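Number of protein chains: 2
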Amino acid sequence: MVVSLRLPSLSSLFLPSVSRRSPAVLPRHHHRILRTPVFAASFSAQTTVSETDDRVDTQKSNRVQDQAVTPRSKDFNAWYLDVIEQAELADYGPVRGTMVIRPYGYAIWEAIQDYLNVKFKETGHSNMYFPQFIPYSFIEKEASHVEGFSPELAVVTIGGGKELEEKLVVRPTSETIVNHMFTQWIHSYRDLPLMVNQWANVTRWEMRTKPFVRTLEFLWQEGHTAHATPEEAEKEAIQMIDVYTKFAYEQTAIPVIAGRKSKVETFAGAVKTYTIEAMMGDRKALQAGTSHNLGQNFSRAFGTQFTDESGLRQHVWQTSWAVSTRFVGGIIMTHGDDTGLMLPPKIAPIQVVIIPIWKKDDDRAVVLNAASSVKEALHAAGIKVKLDDSDQRTPGWKFNFWEMKVCGYP
Amino acid sequence: MVVSLRLPSLSSLFLPSVSRRSPAVLPRHHHRILRTPVFAASFSAQTTVSETDDRVDTQKSNRVQDQAVTPRSKDFNAWYLDVIEQAELADYGPVRGTMVIRPYGYAIWEAIQDYLNVKFKETGHSNMYFPQFIPYSFIEKEASHVEGFSPELAVVTIGGGKELEEKLVVRPTSETIVNHMFTQWIHSYRDLPLMVNQWANVTRWEMRTKPFVRTLEFLWQEGHTAHATPEEAEKEAIQMIDVYTKFAYEQTAIPVIAGRKSKVETFAGAVKTYTIEAMMGDRKALQAGTSHNLGQNFSRAFGTQFTDESGLRQHVWQTSWAVSTRFVGGIIMTHGDDTGLMLPPKIAPIQVVIIPIWKKDDDRAVVLNAASSVKEALHAAGIKVKLDDSDQRTPGWKFNFWEMKVCGYP
Chain F
1 MVVSLRLPSL
11 SSLFLPSVSR
21 RSPAVLPRHH
31 HRILRTPVFA
41 ASFSAQTTVS
51 ETDDRVDTQK
61 SNRVQDQAVT
71 PRSKDFNAWY
81 LDVIEQAELA
91 DYGPVRGTMV
101 IRPYGYAIWE
111 AIQDYLNVKF
121 KETGHSNMYF
131 PQFIPYSFIE
141 KEASHVEGFS
151 PELAVVTIGG
161 GKELEEKLVV
171 RPTSETIVNH
181 MFTQWIHSYR
191 DLPLMVNQWA
201 NVTRWEMRTK
211 PFVRTLEFLW
221 QEGHTAHATP
231 EEAEKEAIQM
241 IDVYTKFAYE
251 QTAIPVIAGR
261 KSKVETFAGA
271 VKTYTIEAMM
281 GDRKALQAGT
291 SHNLGQNFSR
301 AFGTQFTDES
311 GLRQHVWQTS
321 WAVSTRFVGG
331 IIMTHGDDTG
341 LMLPPKIAPI
351 QVVIIPIWKK
361 DDDRAVVLNA
371 ASSVKEALHA
381 AGIKVKLDDS
391 DQRTPGWKFN
401 FWEMKVCGYP
Chain D
1 MVVSLRLPSL
11 SSLFLPSVSR
21 RSPAVLPRHH
31 HRILRTPVFA
41 ASFSAQTTVS
51 ETDDRVDTQK
61 SNRVQDQAVT
71 PRSKDFNAWY
81 LDVIEQAELA
91 DYGPVRGTMV
101 IRPYGYAIWE
111 AIQDYLNVKF
121 KETGHSNMYF
131 PQFIPYSFIE
141 KEASHVEGFS
151 PELAVVTIGG
161 GKELEEKLVV
171 RPTSETIVNH
181 MFTQWIHSYR
191 DLPLMVNQWA
201 NVTRWEMRTK
211 PFVRTLEFLW
221 QEGHTAHATP
231 EEAEKEAIQM
241 IDVYTKFAYE
251 QTAIPVIAGR
261 KSKVETFAGA
271 VKTYTIEAMM
281 GDRKALQAGT
291 SHNLGQNFSR
301 AFGTQFTDES
311 GLRQHVWQTS
321 WAVSTRFVGG
331 IIMTHGDDTG
341 LMLPPKIAPI
351 QVVIIPIWKK
361 DDDRAVVLNA
371 ASSVKEALHA
381 AGIKVKLDDS
391 DQRTPGWKFN
401 FWEMKVCGYP
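Residue numbers (full-length UniProt numbering), protein chains in the order written: chain F, 1 to 410; chain D, 1 to 410.
Keep in mind the hints are simulated off the structure, nothing from the lab.
The structure displayed is predicted, hence computed values, not measured ones.
Do not rely on the hints blindly, as some may be mistaken.
[Unchecked claim] Label pairs and their calculated CB-CB ranges:
id	chain 1	residue 1	chain 2	residue 2	range
1	D	K235	F	R364	24 to 30 Å
2	D	R313	F	G396	23 to 29 Å
3	F	S144	D	Y249	51 to 57 Å
4	D	E165	F	S373	54 to 60 Å
[What the hints assert, rightly or not] Restricting the straight-line Cα-Cα distance to at most 30 Å, the calculated cross-link-like pairs of lysine-lysine (DSSO-like) are:
id	chain 1	residue 1	chain 2	residue 2
5	D	K272	D	K235
6	D	K272	D	K141
7	F	K346	D	K119
8	F	K346	D	K384
9	D	K263	F	K162
10	F	K384	F	K246
11	D	K119	F	K386
12	D	K162	D	K119
13	D	K272	D	K284
14	F	K375	D	K119
15	D	K119	F	K121
Just so you know, even glycine gets a beta-carbon here, dropped at the ideal spot from N, CA and C.
Only chain F is shown next, with the shape it has when bound in the complex (with noise of 0.2 Å):
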């Protein structure tokens, strides 16, 4: 009666209390991750790339949900895709490129969201939200930040029926309007350190596209310090990818390599990018998550200045680091195995599906009662666990279902 959710058997991400208060739940257990961190020493531009082989805007299969999904030791890309469609993750907007996140996959996201979210205000951020039309002549502001953003903007030319007199880029990132403020907000050290943070989206151009991993629109959370050292802007990249770090290994147990870009990878307008890459299950890195020491590259641009405490004025040292919806991929092809999705429990939205059974309609009150006893049981242990009590469907498509979902079963 209870199909409990496939998981990882890294143990110690599992309350251990589990399974011995409720036998019936017998979680199967997958050694996978243990037997392949085979890791990549670095990480090349052409690594980082190549996992974008497919456009999100790939003609949709005519699978049915019945179907099982192409093994993952046979097509690891038909495979990826097939279980987005199937566990009902996202699916393709209208327009090329761009993604739905249907509610299993944003809960996810929201889980993401949930612990990062409390980690940056510990670490002294506040959230705030910044407008997403920037005048084109900000992103020329700064050389190598127009270079790298130039030939992925998507740009606004009319607003309200007429033709802007200034082109608007959609963000693609906020560095350039992030400055614009700070330079009206900093005036001397006391407002320095200046720390915040926001869950946006954002849009790249970009042609080969793939869903969660690369896609037109994004979201992602962006966070920009400004600080009145170098010392402090370096410290504040190191610790955000340390807070990206520990996150991918104790919330959603992808071990990732930490480590800093080459020259060519480091991102458009940073001294140095920081970034949290893991090995997916077909031997290709994913980068996913990067903290960038901005140095005065922005300031100087902006003319983002400070009065420091001997009266002299001076440009401000910054930082921005971000963590996308792309991190959602890189769950996706980390645990999950040839019979479709498996998910970190502290990050999975279910862990446990009760489906009730009874041969003789007596028994329903019976067996309905029952099963909310285990559910209730559960959910007091701190599972997060579903009872499919719908009358609509039969108990052998339920268990279809979930385990095409998200779930197998004992």
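Position chain D against the provided structure of chain F, taking the given hints into account.
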């Protein structure tokens, strides 16, 4: 030593034990809200629009932070803009009509999100995310929708350096793209009701703007549901306006009037629009939330059909409903007074500020220790408390700053 937040005296809102437990906390009492409940019986298009007399891009005044706000009683509009600037709630973005929501203003929005997000999930909705770029042709599919939104659209015509074949609209609202997707997900009555919500940014090219109240880009949640019967859709539309009403009363202490919009003010594409409106301090009405019964207008335009239990194909019945960052403006305009901002305690990011004062350096440790104890006691009692123990400012500066920003003191 203790500065308390200036709170409206709706005692039911505040923890009754606070002033008893913490004799140092002496909230100033304001009875203005209780004195002014003279509500407009109906809200005409004129009154709803008339509070937008000012543009976000109004030249910034050259008031400095140490200057008091314009008294509310003297010039409501100047007062409103002063409060937003001096309490650091928001600032003007570089593009006309756009707004930067600063941390203190954003924290109010986060409090709104936290409450509503729970209520939406309790009433059976899941969060998800739809892309913001909508093919221009989608907008044109529903006659009154295109008529209502065409003058307000921001249009992307260039992507990746090239002129696009089909222009893309930056969403002013998502009914069209939602229906495009619903049509792919809804097949039979078993797929209904479909009840989702998204937290997102939207863009409307308004000519007359005002921070929070009306901006080119704003943040909101938009709920979208599809049902098998018109009765279910109507019930849902009313349920959600009820959620908003309860939120306005119980969390923000804004006595709203719930009602139905006149035909001319009904949402473009809806059959009925329910609204909550409240009278602001200048005796003008502000629309603070809407819930639309869309009938079959969009499902007919997009062909969103399902097979009912008897095997017949029918168009779904739909709703949509939204609350935006405008609500923050409503809170400011309802509760503020001549001296500045006053926030309802359930929404206030900070309820009490403690400013330690010592005469001799020897006293410093003792005072800070005592202040910390008070802070801990308040925190334990569930009060959102801030201890401003920074060395960079004098107590006098801090008193002025916090009074101007959010607090009065006894």
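Here's how the hints hold up against the structure:
1. K235(D) <-> R364(F): 24 to 30 Å: 27 Å, holds
2. R313(D) <-> G396(F): 23 to 29 Å: Cβ of R313(D) to Cβ of G396(F): about 27 Å, so the range 23 to 29 Å holds.
3. S144(F) <-> Y249(D): 51 to 57 Å: Given a distance of about 53 Å, which is inside 51 to 57 Å, the answer is holds.
4. E165(D) <-> S373(F): 54 to 60 Å: Given a distance of about 59 Å, which is inside 54 to 60 Å, the answer is holds.
5. K272(D) <-> K235(D): 12 Å, holds
6. K272(D) <-> K141(D): Since the Cα atoms of K272(D) and K141(D) sit roughly 19 Å apart, the hinted pair holds (cutoff 30 Å).
7. K346(F) <-> K119(D): 23 Å, holds
8. K346(F) <-> K384(D): Holds. K346(F) to K384(D) sits at ~29 Å (cutoff 30 Å).
9. K263(D) <-> K162(F): 29 Å, holds
10. K384(F) <-> K246(F): 23 Å, holds
11. K119(D) <-> K386(F): Distance ~19 Å between K119(D) and K386(F) Cα, so the pair holds.
12. K162(D) <-> K119(D): 44 Å, violated
13. K272(D) <-> K284(D): 23 Å, holds
14. K375(F) <-> K119(D): With a Cα-Cα distance of about 22 Å, the restraint between K375(F) and K119(D) holds, given a limit of 30 Å.
15. K119(D) <-> K121(F): 24 Å, holds
The structure does not agree with numbered hint 12 stated previously, though it agrees with all others.
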